[in-house]
Each structure stands twice: as structure tokens, then as C-alpha cells.
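Visitor: What follows is each chain in one-letter form.
There are 2 protein chains.
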Amino acid sequence: MTEKLEALYEHLAFCFESRKFADLRIALLDAEPADIASFIENNLDDKEQIFFFRLLPKEQASDVFIELDSDTQEDFIRSFNDKELKAVLDDMFMDDTVDIIEEMPANVVKRILRASTPEDRKSINALLEYPEDSAGSIMTLEYVSLSANITVEDAFDRIRKIGPNKETIYTCYITDNKKHLVGVTTVKELLLANRADKIGDIMDTSVITVSTLEDKENVAFKFSKYDFLALPVVDKEGCLVGIVTVDDAVDVIQEEATEDIQRMAAILPSEKPYLKQSIFSIWKSRIPWLVLLLVASTFTSMVLARYEKSLSTVLTAFVPMLMGAAGNAGGQSSVTIIRAIAVNEISFKDIFRVILKELLVAFLVGLSVGIVCFLKIQLIDNLYNEISIYENLVISGVCVISIVMAKLVGCILPLLAKKIKLDPAVVASPLMTTIVDVLSLIIYCSIAIAILP
Amino acid sequence: MTEKLEALYEHLAFCFESRKFADLRIALLDAEPADIASFIENNLDDKEQIFFFRLLPKEQASDVFIELDSDTQEDFIRSFNDKELKAVLDDMFMDDTVDIIEEMPANVVKRILRASTPEDRKSINALLEYPEDSAGSIMTLEYVSLSANITVEDAFDRIRKIGPNKETIYTCYITDNKKHLVGVTTVKELLLANRADKIGDIMDTSVITVSTLEDKENVAFKFSKYDFLALPVVDKEGCLVGIVTVDDAVDVIQEEATEDIQRMAAILPSEKPYLKQSIFSIWKSRIPWLVLLLVASTFTSMVLARYEKSLSTVLTAFVPMLMGAAGNAGGQSSVTIIRAIAVNEISFKDIFRVILKELLVAFLVGLSVGIVCFLKIQLIDNLYNEISIYENLVISGVCVISIVMAKLVGCILPLLAKKIKLDPAVVASPLMTTIVDVLSLIIYCSIAIAILP
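These protein sequences, in sequence, are chains A and B. For what it's worth, this note's numbering labels the leading residue of the first sequence as 189, then goes sequentially. For what it's worth, this note's numbering labels the leading residue of the second sequence as 189, then goes sequentially.
For the record, the hints were derived by calculation from the structure and aren't laboratory data. By construction, the Cβ of each residue, glycine as well, lies at the ideal position given by its N, Cα and C atoms. It cannot be assumed that every hint is accurate.
[Said to hold, decoys possible] Lysine-lysine pairs mimicking DSS-like chemistry, simulated, CA-CA at most 27 Å apart: (1) Lys460/A / Lys497/B; (2) Lys274/B / Lys497/A; (3) Lys464/A / Lys537/A; (4) Lys413/A / Lys310/A; (5) Lys464/A / Lys354/B; (6) Lys192/A / Lys413/B; (7) Lys460/B / Lys545/A; (8) Lys235/A / Lys298/A; (9) Lys386/A / Lys367/A.
[To be verified] One-sided excerpt, in silico: chain A residues whose CB lies under 8 Å from chain B: (10) Thr363; (11) Met511; (12) Val531; (13) Ile608.
[What the hints assert, rightly or not] Away from chain B, derived, C-beta distances all over 10 Å, residues of chain A: (14) Phe264; (15) Leu301; (16) Ile347; (17) Arg348; (18) Leu417; (19) Asp448; (20) Glu496; (21) Thr621.
Excised from the complex, chain A in its bound form (with noise of 0.2 Å):
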């Protein structure tokens, strides 16, 4: 936390412990939605959070709400009466709605939709129809929509009239009698056209759009690769249904990254936050690959159990460390492209180019690996463990063979799995290592066996 911030919230805490109503408001007026949300939540208890929040100056009430955990949202909504829920909905934008209905037990979305216009209900009910990851479920509906044939002037007249209740009034979207989308414009070009300028003479007719349909991650890509601040969203027949913000995309760009993180620690993703989480909920998106692998493992015990008694007490002193080195690699080449696939850099068509590219990275990983262990075992375990030079020269071979067979599944996996369109964080990496677990100890054994006596 900054220094600024730190003196805000001691002020914010001194002005409302002193019952200073009138300095609090004051502060407030100047503080951002996103702080005064965290104040409320990590420095008041229960009773005081809402006694606060009935403080704020009308025009923050919705801003701040929207920002805060869906658990303190819930006890506000109970706590509030319909006039008071109606004025904070009233304000908001119909994609917030949408996020915190989402989120809330049936009781209370009936009254949110209880407290909405007949309008309002509508949208929001069409939007809480999309699909979960579609461009639809986080679009929004605020968009300035202009006619082609108005002039520049008329134009400003109108984002005058109706931009205070847009999300975005920057992107202007032209659309024809029947909703068409057929054209942009921004308020930069209307700021440097003419007056009297038609806007169907300055609007750029190639837009680049998204169906409601399409998957958020691929519309927060969009957004990195063409620096939009909005992108349109349309439906089958071209009409324009609604529009996504880049404050959204920036959401959905970081929400993507966590859960891509989380899928390649074998973890089940959660989107609400480390702290908020419960223990029974974090037990229960730990839990299945945890199993899944234990009972994987089955078959590294099967394998060791069968050759074990043929592996001498040297040679089995180094299963970890070859086993780590081969999971390891593999790793390395599995979470590479588990990311480029995800940040759209390659895809299944780049297959052989992938797979040619790792194998040769991956006999120059295992050399260089090789070599160094064979020093290693000649150097430092010679200390404490007898290990003659033939079978170090095993070890070490069978290291470079687990490293360059761990890259090629480490690289495949991800594409195979994306091919078969399932998503490559989740089958790659917890399958990759039991896979290559499995491989390196049979390569292991059965190279130690027929070679050393």
C-alpha cells in the first residue's frame, strides 16, 4: 500500500470513529471506487461496513458496490431496503448487474431483478443467457450508436445527451434502421472533422467485431493485439447487441493467466480470491489431481517393483534424481507451449516446426545435462557411494535420453490436446508428468539391466 493510501484510510478511519460526517464525505468525493471498497472491507466490522456505505455521496454508492467481494454484497443487499437497492442498481451498468447476479443465491437475485425496471429485467435476463466464457457475458449494453447520415454536430449533441449513462462514449458505433453494425468512429475524428462533416463520410467501415458467442479469451486477445479501448459485439445476422470495454478484457486477461497458472499446478481454477476462498472449497480444487496422480503413480511402483530386485542398491539411489531431471525438462517444454498456444503465438498447424525445434534444443539440453551429471557422480557422489565409471556413463546416458524424450511429450501433449480441442493447461501438464515418470524409469531399468551386469 502507498503512503497516499495509507494517510486516506487513516483519515477516512479518524473522520468516521469522530462521527466528522461532513470531512468524511468531503475525502470521499475525492477518493477512487476501488480504495474506499478495500477501506470498508479490511477496517470495519460487519455493522460499521454498511453504516459507511449508507454515508457515501449518491454519485459513489453504485462505483463503490460494484468493487466489492460478492460476500459483502450479498450482506448489503439483505441489509438494504428497495428504495435504497433501487437507487444503487439504478446507477450501475447492466454488465456489473449482470456479474454480481451472477454470483448471488436465487433469493437475492429475485430482488435485484424485483428492484429493476421492466427494461432493465429484460437485458438482464437476455444477458444472463449467454454462455459463461462468451464475449455476450461480459459485454455491455452503454454504447453510443450513432445514423450514418447526422452530422458531426449532431453527433456531439447526442453522445451530450446520452453519454453520461455509456460505460465508453470514445468508440461511437453507426448502425442502419435495422441494427446493423456498419461502420466506427471515435471522438477523436469527430473532434478533428468539420461540423457540418456527414458521419457516414468519416466513419471507418471495416470494423473489426466479435460474435456473442466467441470465447472471452479470444476477445481479450483482440485487445492486445489491436489496442482498442472497445470492440463491438455482434450477433448471427451483423447486428450490433452490445460492446466490450478494455477495462473488462484487462479483467479477463488476468483472470485467463491465474487459471492457466492453476490448471498447470494441478489445481481445479477458482476465480475468487486466495483469502476469500473457503478451506473446504480450496481442499475441494486441490483434491482431484492430487488423487488422480497418486493413483497414476501406480505404475512407477509397478515398474520399480519389477525390476528392483535386478537394480543394484547404487543404481537406485539415483531414480529421483533422473526422474526429476526428465520431469523437469519436460516441464520446461510443456508449460512453453501450453503459453504460446494460450497467447495465440502457435498453433496445431506449427506442430512439426515445434516438434523439430525442441528436439534439437532438447539434445542440446541433454548433452549439456548429461555431461554436467556425469562430472557430478565422478565429483560428488563418488563420496559417500561407490559408482564405477560404467555405470555413471548409464546414469548420464539414460539422462540425456529421459531429458530428450520428456521434451518431445512435453511438446506434443499440448498440441494434441488443443487439436482434440481440450484445453491444453489441464491435460498437459498433470499427464505429461505421469507419463514421463513412467517412460524414464522404464528407459532407466531396462538400459541398467541389459547393459551392467
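The hints should help you fit chain B onto chain A, whose structure is shown.
Guide: Frame of chain A; chain B shown alone:
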């Protein structure tokens, strides 16, 4: 790739090959710079590339140029004559020029600086001096500044005049005559205000700023928290020196997530896309941790060599399973905490809350996995190996203890790393594996030898 984009690429290729340059220009004017850049790189050979680039409408050349890979940029700069280079540079924003310069060899940098105006050269040199990961390194100098005593009407005149060369006009910064940042306003607010209003009366005086030396990750975090389109960058005296725009923040968020993912997978991060990296540079990014972890695995070999003779072959067969379970469990915790730190959800002061939470989760997870482990050994492993119920109890018991231990190590390490200002992702993930491997092995061997005959 979408169908629309494929159609565009086909059309561009057709016009180019059949030398229909007039049609080509028309098609290009409608296309996005990012798409044109990727067409040039993926569909044309080296000679065609520069020829195609020279056909671009003048107003698009710079926009397309900044979207190219640095290798292609370098080739192009070497092919440009001085006039061409100057034309491309003149239309570029300073932060983009600096991004390009940072990737170029010294002789190309010299040519770029020689082709810039003296004034630009000064700004470029100033920007180049900011540390690599600082706000200064990603800021742009082209912003709209206003003075507090002009009217809204004057402000619009100024925006119309200087707007075309600014990266964003939508957020305007109000500075006094010593360049101190005193307020901020937006074009939306200006549009909704009266033309005669003084800027000083409508501006927002509580401005969220970042300092030139602030970590760019921190800057990106502020964008995701506050939903801004731009953030002002101020020096130690509070003078406005530049702005960071949301599109740059989006890039930072993507890059930082990629880097964290790479670090967690024991790879030294690289900013280049996978397919553009040379075999040697991939080798360089992967070899250090592999070698370090290989050397660190000496400890597991030592422990195994010491205890192995007293360990029955039945028990040895479960070493990979136990180490795997502990490693996976620890990885879940460390990755969760590393990510929560990265997105500013938790900090060092939460250490005791986190430890308590992880401890409770660890007991639940450990017990559940332990029970599954016991059943699996009774029902599956007994099919191919004779395991007494006492041995099974020891193995399953050690599984529980190792998981609890691994989760504790996994949650404490990242927080400690953060405390001593090391990157949690670098230290915690690979180090965690080594510590957990050794500890779980020691726990297993010592308990088994103490309890079993």
C-alpha cells in the same frame, strides 16, 4: 485465424502478385496494422517484404512498422534510405521508437538517432535511461496538457490543434507553469461541461499517479484496479513527465504472466515469441535451472544411498509415489501463493493467516489423499506386490505427513522470498521442489526404519 482475415490475406496476396497496386492500397487502407504486419511476415519472402512495405499508404507505414518483429524491423531499417527512415520515425510515438531501439544493435541505433530531430533525440535518450522494468521505460511523452485557467472551449481548440500527434486525447492533464501536475479531466467531462467553464473548476484534483521509477508490474496493477485509460507519470518533484496508456498496460500484464509462468517452470524468462527464439537462446534459458536442480538432487541420492539397504524393496517401490505426491501438493500451495502475491492479493503481513489456512487445508487434503493411498495400495498395488498392512499404514501415514510438510514449505517460501525482495516465482518454485523432495524422503526412510522391523 478468422475467415475474414483469411479472405483479406488472400486478397492482398492476389493484388500483390498480379501487381494490382491500386486495389492493394484500397484493401490496405481498411486493414488493421497488426494484421498487415503479420501478413508481411508470414506470407512474403525477404525481398517481397520490403517491396510490399514501400507500397503502404504513408499514414500506415509507421503503424505497421511498430507491429513487426524486431528482426524484420532491423532488416527494414538496413534497407531504408535516410529519407524513408525519417518518414517512418516521424510518425511514431516516442515510446514505440524507444521499444524498437532497445532491440537493435548499436549501428542501427546510431542510424535511428541520426534520423531523428535533435529534440526527439533528446527525449529518446532520456527515455532510454530509465531502468528496464520501470514506469519510465513504458511511458509516452505525447499527452495533452492544459492549463487550469483556460475555458472548456479553449481546451477543445487546443485538443483539436495538438490532438493528432498525441497517443491519447481522452485524458487531459492540467499542469501549472512549472509542469507540476495539478489535476486531470477527460474529454467526456469536457463534452458534458459548459463551453465557458474554467478547466480549473471542473478538473479532478486528486490524481492517481505513478512515479518514473515505479515497477511497471505495479503500474499495470493500478490499471486493473482502477480501470483507467491512461495514468500520469511524475518525477520526484511531482512534475508530469509522461503517461502510460492502457494498451501498454495490457502488454505488461500479458508479459508478466508469461514470465511468471516461465519462472515457475524453471525457465529463465524471455520476451521473444517462441517461434522467433533461436535454438541456442532457448537452450540458454532452460539449462541453468536444470543443472542447478540436478546438482541439488545430490541430496536425495545421498539420503537414498544411506537408508536404502535398511529399506525393503517393497517400500522402495513407493519412493516415487511419495515424492510425487509431496511435490504436487507443495506445488499447488506455492503456485497459489506466488500468483496471489503477483496480483497483489496477499503480502507478507498476511503470513500467519496464510500459514493457518494452508495448514488446515493441508490436514484435510493430506488425510483424504492418505485414505485414498491406503485403499489404492490394499486394492491395486497388492495385486503385483505383497504389502503388509503395517507397511501400508507406514506408507499412507508418511503420505499424510509429507503433504502437510510440503504445503507448509510451499506457502512459506514465496512469502519469505517476497520479504527479502526476491522474485517469489524464481525462488519458491524450483527451490520448493528440492526441499520437499529431500524432506519427504527423510521422513519416509526414518519413519519406516524406526517402525518396521
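Visitor: Compare the structure with the hints numbered earlier in the document and write down the numbers of the violated ones, lowest to highest.
Guide: The structure breaks hints 1, 2, 3, 4, 5, 10, 13, 16, 17, 18, 19, 20, 21; every other hint is satisfied.
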